[in-house]
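First to last, the protein sequences are chains A and B. Last residue of the first sequence? That's 492 in my numbering, and every number before it is there in order. Last residue of the second sequence? That's 984 in my numbering, and every number before it is there in order.
These aren't lab readings, by the way, just hints derived from the structure by calculation. Keep in mind the model is a prediction, meaning the values are calculated, not measured.
Once the Cα atoms are required to be at most 25 Å apart in a straight line, the calculated DMTMM-like pairs of lysine to aspartate or glutamate come out as:
| # | chain 1 | residue 1 | chain 2 | residue 2 |
| --- | --- | --- | --- | --- |
| 1 | B | 572 | B | 940 |
| 2 | B | 579 | A | 117 |
| 3 | A | 326 | A | 370 |
| 4 | B | 572 | A | 110 |
| 5 | B | 549 | A | 342 |
Non-contacting residues of chain B with respect to chain A, defined by C-beta distances greater than 12 Å in every case (computed):
| # | residue |
| --- | --- |
| 6 | 505 |
| 7 | 672 |
| 8 | 914 |
| 9 | 926 |
| 10 | 938 |
| 11 | 966 |
Glycine is no exception: its CB is placed at the ideal position from the N, C-alpha and C atoms.
Number of protein chains: 2
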Amino acid sequence: MSKNLTKRTEDYSKWYNELVVKADLAENSAVRGCMVIKPYGFAIWEKMQNELDRMFKATGHQNAYFPLFVPKSLFEAEEKNAEGFAKECAVVTHYRLQNDPDNEGKLRVDPEAKLEEELVVRPTSEAIIWNTYKGWIQSYRDLPILINQWANVVRWEMRTRLFLRTAEFLWQEGHTAHATEAEAIAETEQMNKVYAKFAENFMAMPVIKGVKTESERFAGAIDTHCIEALMQDGKALQAGTSHFLGQNFAKAFDVKFTNKEGKQDYVWATSWGVSTRLMGALIMTHSDDKGLVLPPNLAPNQVVIVPIFKNDEQFTAIKKVVITLKLALESKNISVKFDDRDTYRPGAKFAQHELQGVPLRIAIGPKDLENGTVELARRDTLTKEIVSIEGIEDKISELLKTIQEELFNKAKRFRDEHITEVDTFEEFKAQLETKTGFISAHWDGTADTENKLKELTKATIRCIPYDSKIEEGKCIYTGNPSKQRVLFAKAY
Amino acid sequence: MSKNLTKRTEDYSKWYNELVVKADLAENSAVRGCMVIKPYGFAIWEKMQNELDRMFKATGHQNAYFPLFVPKSLFEAEEKNAEGFAKECAVVTHYRLQNDPDNEGKLRVDPEAKLEEELVVRPTSEAIIWNTYKGWIQSYRDLPILINQWANVVRWEMRTRLFLRTAEFLWQEGHTAHATEAEAIAETEQMNKVYAKFAENFMAMPVIKGVKTESERFAGAIDTHCIEALMQDGKALQAGTSHFLGQNFAKAFDVKFTNKEGKQDYVWATSWGVSTRLMGALIMTHSDDKGLVLPPNLAPNQVVIVPIFKNDEQFTAIKKVVITLKLALESKNISVKFDDRDTYRPGAKFAQHELQGVPLRIAIGPKDLENGTVELARRDTLTKEIVSIEGIEDKISELLKTIQEELFNKAKRFRDEHITEVDTFEEFKAQLETKTGFISAHWDGTADTENKLKELTKATIRCIPYDSKIEEGKCIYTGNPSKQRVLFAKAY
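Kindly produce the complete structure, drawing on both the sequences and the hints.
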């Protein structure tokens with residue numbers, strides 16, 4: 001019973017919340033807005049981390065670690081950045097607890113242990129990192145610095161949802177320093193493309209690469225590049241961002257270098273990040289009313305094997321075959337779980353693995369042993385077939401590639417069907433009320449119009465796509481001239 | 493000049509501090525007591541993490557993630573644990589900053605944004621985790637829970653030193669839940685043995701496995717197992733701990749389960765951890781007056797290749813040979829860095845790689861090309877030889893194993909030579925003043941005597957070794973009867 005999910009058509013938001021908890025991905029904790037990532041959810045995140053980390057290293061980056069805390073005086077140094085994050089900062093003010101004299105067995109903050117300067121729990125690390133880079137950079141020979149950090153950050157959000165928006169979340173943040181503007185811009189674009197490649201090849205999630213408008217930009221950036229995905233309910237989700245920071249942080253922290261010509265200049269910067277929010281995007285791109293659907297490239301177990309037996313003798317015979325089968329699959333780099341728990345029946349196991357999105361399920365019983373077959377079930381299509389155990393490792397290896405591809409194609413088809421060009425405000429509103437998805441429309445380029453449209457429709461400009469064709473038009477709201485279409489949507 | 497380290501015999505502590513900074517491992521940050529782990533230092537830590545993570549998974553553990561913050565009311569639930577950590581807690585009291593009306597461009601804590609309940613930045617996660625486990629455990633079928641977390645923790649230490657004692661540090665903390673006392677004790681011992689195996693096989697650092705006395709125990713534990721290493725200056729270093737927590741946390745958080753017989757019982761617990769402190773242990777076990785010495789199993793680059801050339805033509809010819817050589821080495825799973833920077837001379841490169849402890853250095857110049865040879869230098873012994881490039885990958889593969897082994901043997905010889913049995917308090921004091929190291933002595937088993945000895949000599953009981961032989965004796969201080977020797981030392 002506990003396995004019955006709300007249907008997506010009934011209440012998408014409720015479906016999502018239930019799925020995250022029932023599939024054992026994450027749950028709310030005793031700390032407001034902070035989540036516990038459970039082992040199964042964390043195993044998926046680890047697969048994301050491993051691949052991203054590989055891609056960062058392949059593009060010349062190294063990992064490092066910077067402090068969790070940012071002294072207030074550093075935090076406020078880059079004004080726009082500070083303004084952007086000040087309203088959602090967890091602040092450490094004391095460094096000791098003591099016994100509460102009025103309350104036996106309880107503790108209270110020790111009033112004598114007040115910090116001289118408050119410490120902000122990092123909402124992002126530009127400030128502490130650029131303050132550090134100041135000591136590392138003197139000459140062009142010290143550049144570029146290409147560093148990434150895997151870390152937890154805290155943003156005190158008022159309305160939180162598991163994975164999508166939590167007070168504490170896990171992420172990676174790249175922070176690079178360059179001698180020239182061109183090099184920093186190239187880095188910004190490169191990393192946005194790395195994110196897009198990861199999203200498409202590993203998450204099987206099609207994304208649109210683009211640039212944010214001024215009002216949607218990262219606080220302190222000159223330009224924010226992003227990848228935008230479309231969820232099944234027609235809402236957009238920003239899945240990753242890469243910022244060209246210009247010389248803003250170098251100026252705020254006085255980071256200069258001597259170039260090859262012996263002249264002093266401020267250093268150019270980028271930063272880029274993706275977070276556990278990707279888990280939410282993954283779930284909402286592929287899953288169905290029966291639970292999670294995982295692309296094979298990110299599934300902790302790509303194949304689960306469930307034995308069907310009535311007595312020990314049968315189990316022993318099955319187990320013998322399974323051990324050989326498992327080794328054959330593993331030799332093809334396929335991850336396999338043999339679910340031999342004796343505390344659950346096959347039906348309960350089937351339901352659990354379906355809910356948890358294991359891409360392929362093999363069931364094997366006494367009849368199969370006789371016939372040299374197994375029952376092979378696909379999670380994504382919910383189809384089953386009886387296949388010969390002979391050479392099954394090649395078939396499964398192929399099938400996993402097929403599933404990965406088909407999940408991407410299906411999501412891409414859905415996304416492409418949900419990009420609509422509109423040319424009037426009436427159409428725009430009608431579109432948002434019915435089909436949702438991305439709306440491609442002309443906009444006059446002003447923040448005023450953008451804000452007005454947001455106020456009236458809740459839709460925001462998700463991005464100006466890299467591949468947006470240059471085309472004369474009129475702003476759907478003001479009628480003023482426009483040179484290209486931008487993508488609007490309601491967003492997570 | 494900046495490369496000249498203080499000699500160890502001159503000032504061991506200064507040597508350590510300089511080495512950590514000059515070898516680019518870590519540095520102090522703008523936040524009191526918090527460090528920045530630089531890319532080279534972090535690459536070593538990543539190698540430690542990867543191997544430990546593999547060992548944890550091989551023993552059935554899964555990773556998960558729990559919140560950074562612990563609400564004060566949960567923090568104080570297990571009294572001894574709370575008492576042990578209350579004095580060094582960073583406390584979040586507010587969740588917002590605002591513009592400071594008295595100070596243009598500055599921020600201040602928003603007095604309206606005071607939290608109803610303060611949040612402690614985790615110094616360790618038993619409280620938040622056991623509060624979570626309560627929701628996960630109903631029956632014996634839910635047990636054991638075998639979870640590990642990689643995380644940052646904060647303990648507000650007054651005197652800090654890079655890696656050895658920092659306010660924020662990185663660690664892993666295992667937290668397991670079991671149906672029986674015996675199973676939890678077995679887990680505690682197993683994980684202490686995993687740590688010992690890692691320390692010896694990967695860090696090439698011999699350790700003594702043992703159990704702590706009551707006064708050295710983890711706050712909230714029934715028993716603390718540990719691995720103790722000996723540094724070159726004769727001081728001991730606790731390198732890892734594994735705690736049997738009994739039912740203390742289960743009782744504090746009311747975590748009961750129904751056993752197979754249908755009866756309710758409290759759950760049994762363990763926790764175990766190692767931290768970035770291991771970096772300090774690694775450095776102080778092997779390094780010398782010229783800098784870091786790294787065991788091959790933890791070296792980010794096991795081999796560095798430095799080209800020696802006077803013109804582009806020579807460089808091109810060398811590079812061609814190096815590319816083939818590098819591939820040959822990599823095919824044997826040897827990590828190789830080709831240091832082809834044109835901004836530094838060979839001498840500067842040699843000095844840097846020596847300082848950073850790269851196990852093997854290959855230098856190759858025009859003469860070598862003619863002769864089909866290279867110069868091969870060992871960091872640990874500082875010896876050099878000319879070797880044929882033909883089949884060098886096998887030689888190097890063997891040599892790396894030899895270095896790993898010899899580093900361990902050398903450290904073990906040193907450690908074994910620095911364990912001294914003493915039978916009187918006079919000898920004990922004399923020993924501490926001269927040779928230092930571990931002192932194996934009889935102790936009457938009381939905390940009083942232990943404290944008195946600490947007060948008089950600064951030496952503490954590091955552990956009661958697993959393999960301590962049962963032997964009648966008299967306490968060196970009180971003369972009271974004792975059944976086995978324990979290990980004393982001054983410690984980090």
